[in-house]
Structure formats: structure tokens, C-alpha cells
Amino acid sequence: GEWEAVEQFGRCGFNVFKVQVELREIWHRDGTLDVSPVRERLRKCLKVNPEAMLLFQFSIRPRPFWGVDNPDEVYQDSKGRFGVFRNVRLVDFTPQPIDEGKRYAAFSYMSAKFAQEVSELLARAFAEFETWPESKNVVAVYVTGGADNQWLDLFDAGGGFSNAADYSPAGK
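Anchor point for the sequence shown: position 52 equals 52 in my numbering, and the numbering is continuous, going up by one each time.
Simulated from the structure, these hints should not be mistaken for laboratory data.
Hints are supplied without guarantee of correctness; some may be wrong.
To be verified - Here are the simulated DSSO-like pairs of lysine-lysine, each with C-alpha atoms no more than 27 Å apart in a straight line:
1. K172 / K113
2. K136 / K79
3. K47 / K136
4. K79 / K18
5. K136 / K18
6. K44 / K18
7. K113 / K102
8. K18 / K47
9. K79 / K102
10. K113 / K79
11. K44 / K172
All values derive from a computational prediction rather than experimental measurement.
Please model the complete structure; the sequences and the hints are all you need to start from.
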């Protein structure tokens, strides 16, 4: 498994590993964070390789409920239909924001509210992470997703939409 590979690579002298965290895993509807899955991952990695230097990849995607709770902050086309993401790609439009797990309301990249909430969540999460002894092994943090998606094209050429303007209240 994943942790066996970390141990094996460590024995070969490779000690830099990525630990991925999805904001949506730890962000609850009431605004609380449960960062215990993050700490568990760090501990598992360090248990099999105490010398590991960890690249902390933090993926910024909202919980599916966020778009349903914040319809003015959801991507809309010129007809007022709400964008639907599947794995951060715009793949469909619906009359109302949806929350179907893998298919969810596409937050507007122009949403100041989303940016503010995520900034506050990240500040709280990292403040807690810094108190952990395991954090001394984190050598870098890489934030991906969110408003610029870090080199991921919003409009997937494999069936997604291209050249779609954002007509949501947040996008105006």
C-alpha cells in the first residue's frame, strides 16, 4: 500500500513525500474543521519513515453543500443556469445548485465570499497544524485548486464547456 511504498523508498534514501489534504474532507457545514484525518496521515507516514520530509498539498475545493447554501456565489451561464463541477471541471448546467457528491455546484472563481471563507479556514487549519510535533517534518506547503486551480483548466476539453463567461452575481 501507500505507506509500504513510503517505507521502501525511505530505505533507498528517498525521503521527500507528498501528503495530500482536501479541504472538503475537513470542512463541515457549520464552519468547523476536523483536522484529525490530516494528522492521522502525517503520523502514518512518519511511523514508517521518521526521516520523511513532507510536501503538504492542500487542495481547495468546497464541500458540495457550499454552492447549495450560497447560490449567488455559484457559476451561472447567461441563461441563469447554475454550473455543475465534476472533479473541478465544469461539465453541466442545472436550474438550481446541486449537491450530489461528485457532481456539485460550481463555485464562482469571482466569489469574494468563497475566497474569504477559505482564507479563514486555512488560517485556522494551519494554526492548528503548527502545534503538532509532526509539523516539524513538513518542509513545504502547496495550495492547489480554488480560484486559479493551479494549472487545471476549468473547461475540460474532454466533454466540458469552453469559453463560458460567469454571469453569477459574484461574477459581475
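Structure-based check of all given hints:
1. K172 / K113: Holds, because 14 Å separates the two Cα atoms, which is no more than 27 Å.
2. K136 / K79: violated (50 Å)
3. K47 / K136: holds (14 Å)
4. K79 / K18: Given that 27 Å is the threshold and the Cα spacing comes to 42 Å, the pair is violated.
5. K136 / K18: Holds - the C-alpha atoms of K18 and K136 are around 15 Å apart, at most 27 Å.
6. K44 / K18: The hint holds at about 13 Å.
7. K113 / K102: holds (22 Å)
8. K18 / K47: The hint holds at about 15 Å.
9. K79 / K102: Distance of about 24 Å is within 27 Å: holds.
10. K113 / K79: Roughly 23 Å between the alpha carbons, so the hint for K113 and K79 holds.
11. K44 / K172: At roughly 45 Å apart (the allowed maximum being 27 Å), K172 and K44 break the hint.
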